[in-house]
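Undergrad: Just need the whole structure built from these sequences, with the hints factored in.
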Amino acid sequence: MNRGPGVLRAGRQILGHKGPGQRRFSRGQTAARAQPPPSSGSSGAPAASSSSAGRSGFGWAAWALPPAAAALFSGMAHAYSSQQQLDLEAGHARAALSLKAAHSWIEQIESQPGTVKAMDAEMLLEENHPILEDDHMFAAFVSKGIVDDLTGYYNKEQQKFYSVVSLGREVCGFPRIVHGGLTAAIIDESFGGLLFALKQSRALNFWGPAYTVHLEVGYKSKITAGRTVLCTTEVESIEGRKIWMKATVSDGPDGQVYATARALFVAPKPHKMVQDVAKYLVHRVFGER
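Residue numbering for the sequence shown follows this note's numbering, starting at 957 and increasing by one per position.
With a straight-line cut-off of 30 Å between C-alpha atoms, the simulated DSBU-like cross-links for lysine-lysine are: (1) Lys1073 <-> Lys1100; (2) Lys1073 <-> Lys1178; (3) Lys1112 <-> Lys1073; (4) Lys1155 <-> Lys1073; (5) Lys1116 <-> Lys1155; (6) Lys1112 <-> Lys1176; (7) Lys1202 <-> Lys1178; (8) Lys1228 <-> Lys1116; (9) Lys1178 <-> Lys1116; (10) Lys1176 <-> Lys1073; (11) Lys1116 <-> Lys1225; (12) Lys1100 <-> Lys1056; (13) Lys1116 <-> Lys1202; (14) Lys1155 <-> Lys1198; (15) Lys1198 <-> Lys1112; (16) Lys1202 <-> Lys1228; (17) Lys1073 <-> Lys1198.
Have a look at the derived ranges for each label pair, beta carbon to beta carbon: (18) Gly1164 <-> Met1032: 55 to 61 Å; (19) His1227 <-> Gly1101: 38 to 44 Å; (20) Glu1172 <-> Ser1060: 30 to 36 Å.
Hints in this document: simulated from the structure, not taken from any laboratory. Think of the CB as a built atom: it goes at the ideal place given N, C-alpha and C, for glycine as much as any other residue.
TA: Quick look at the structure:
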């Protein structure tokens, strides 16, 4: 019995072999997929299709999204600015509370025999200060609210100078922690206050300016922003044109110690001092030169 054709057909079906009609249908599908998109009309405008509706919707989003994003970012910037202002006001409020809390030990300093007020924030901001000019760092700090208040006291009997500094909010290196460089600047400025007070009381054997030659600071504890601190400076020794001084930064006379320091100030030699004083006087009279 001849089973050749049937066996072949069965074998093709089992092996998934496509017949002639199936191959033509596959080619038709391929041809349909390969057909180019409909050409545009004679006017050059593309033919309408369902995809054009999608493109029109995307075009609406393209002009609507930028203003919405701008409004969103503007609102975020305004909120951030408002929060910064609130933080700044909160910092000044903390400084006011800290200064109020320090009132008792400030009174203790003021009541010491021989103690006089040597300077305060109003003196620093005087338009025609007898010595300081508008480039003075701590005067700028006070005027900008970086330092909320600054008062200096001098005790002639003990030869001590006390700086009471109420720090604002924008004084930090690490967040909420007062920058160590500012602490050193407070110390150095307090040494300068002591030096000036000593000159006024004629306790030094030289006249004219003296400059910081050596300053060493030991940091004992962190100072938080918005705190009122006391910097106490006193004379350690005087050797001709050299004066050694020491300082302590604390939370009041008997409070926590934040830093200790020691410094050497040296007055210039007489001929150099005359030159420096002459330059200073010319500048005071004639302005920038």
